[in-house]
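**Student:** What follows is the residue order along each chain.
Protein chains: 2
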Amino acid sequence: MAVKLALVVRADLGMGRGKIAAQVAHAAVAAVLANAGNRDFAAWLAEGQPKVVLKVASAEQLAEVVRGAVAAGLPVELIRDAGRTQVEPGDSGRVDALTGALSLL
Amino acid sequence: MAVKLALVVRADLGMGRGKIAAQVAHAAVAAVLANAGNRDFAAWLAEGQPKVVLKVASAEQLAEVVRGAVAAGLPVELIRDAGRTQVEPGDSGRVDALTGALSLL
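Chains as they are written, first to last, in my numbering: chain W, 1361 to 1465; chain B, 1361 to 1465.
Worth flagging that the hints you see were computed from the coordinates, not collected in a lab. Keep in mind that a hint or two might mislead.
Because identical chains cannot be distinguished in the list, a pair is counted as satisfied if it fits within a single copy or across any two copies.
Each computed SDA-like pair below joins lysine to any residue, with the alpha-carbon atoms no more than 20 Å apart [said to hold, decoys possible]:
hint: 1; residue 1: Lys1415; residue 2: Ala1461
hint: 2; residue 1: Lys1415; residue 2: Val1430
hint: 3; residue 1: Lys1379; residue 2: Ala1457
hint: 4; residue 1: Lys1415; residue 2: Ala1429
hint: 5; residue 1: Lys1415; residue 2: Leu1462
hint: 6; residue 1: Lys1379; residue 2: Glu1424
hint: 7; residue 1: Lys1379; residue 2: Arg1427
hint: 8; residue 1: Lys1379; residue 2: Ala1394
hint: 9; residue 1: Lys1415; residue 2: Arg1440
hint: 10; residue 1: Lys1379; residue 2: Val1363
hint: 11; residue 1: Lys1379; residue 2: Asp1456
hint: 12; residue 1: Lys1415; residue 2: Ala1396
hint: 13; residue 1: Lys1415; residue 2: Gly1453
hint: 14; residue 1: Lys1415; residue 2: Ala1371
hint: 15; residue 1: Lys1379; residue 2: Ala1402
hint: 16; residue 1: Lys1415; residue 2: Asn1395
hint: 17; residue 1: Lys1379; residue 2: Leu1464
hint: 18; residue 1: Lys1379; residue 2: Val1416
hint: 19; residue 1: Lys1415; residue 2: Leu1438
hint: 20; residue 1: Lys1415; residue 2: Met1375
hint: 21; residue 1: Lys1415; residue 2: Arg1454
hint: 22; residue 1: Lys1379; residue 2: Leu1414
On a predicted model such as this, the values are computed, not experimentally measured, just so you know.
Chain W extracted, bound-state conformation (with noise of 0.2 Å):
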């Protein structure tokens, strides 16, 4: 498999699944947005979306790896959660008035 996305998580900040999928989520769409451009986006699209959610343990080593990825010249996205990446349930609209009742992850 020549090309994937990996998402790299936190694994010491406590984070409930809900929080980390909707983290991971949010680092997939900013690499997808930063690189919709690249060949290599065209051939991870083709094969699939090839991923793998890999964890660290500090942000440490978090820092360690997105360095090794500058230092490759492969393509990085540092997520830094704004608190309110993962929003609550029950805000107005379309989207509520169909999973509003539903509950968090």
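Following the hints, complete the assembly by docking chain B onto the known chain W.
**Tutor:** Only chain B this time, still in chain W's reference frame:
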């Protein structure tokens, strides 16, 4: 908040958090690719990609949400696991040179 992405996960499948994150990321990317030309998409991006990760208890309940979205004219993507959405670490390539030693989340 006018525009958000609701990511609805079946909680009855016994998926681990890494698997859930990979599937939710797949769904978010599919939603972005399918809606990048929509006016709502630009608003969603400008608002910081607000998203919510919700759960349902069965395939039937998920199908109900999908039917409701279609009926409401909301864009919806249904993701089925192809068994390779989350690939194993250790494939050859430049990403693995960087992340091959990390564990799956």
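**Student:** For a quick check of understanding: which of the numbered hints are violated here, in increasing order?
**Tutor:** Of the numbered hints, 3, 6, 7, 8, 12, 15, 16 do not hold.
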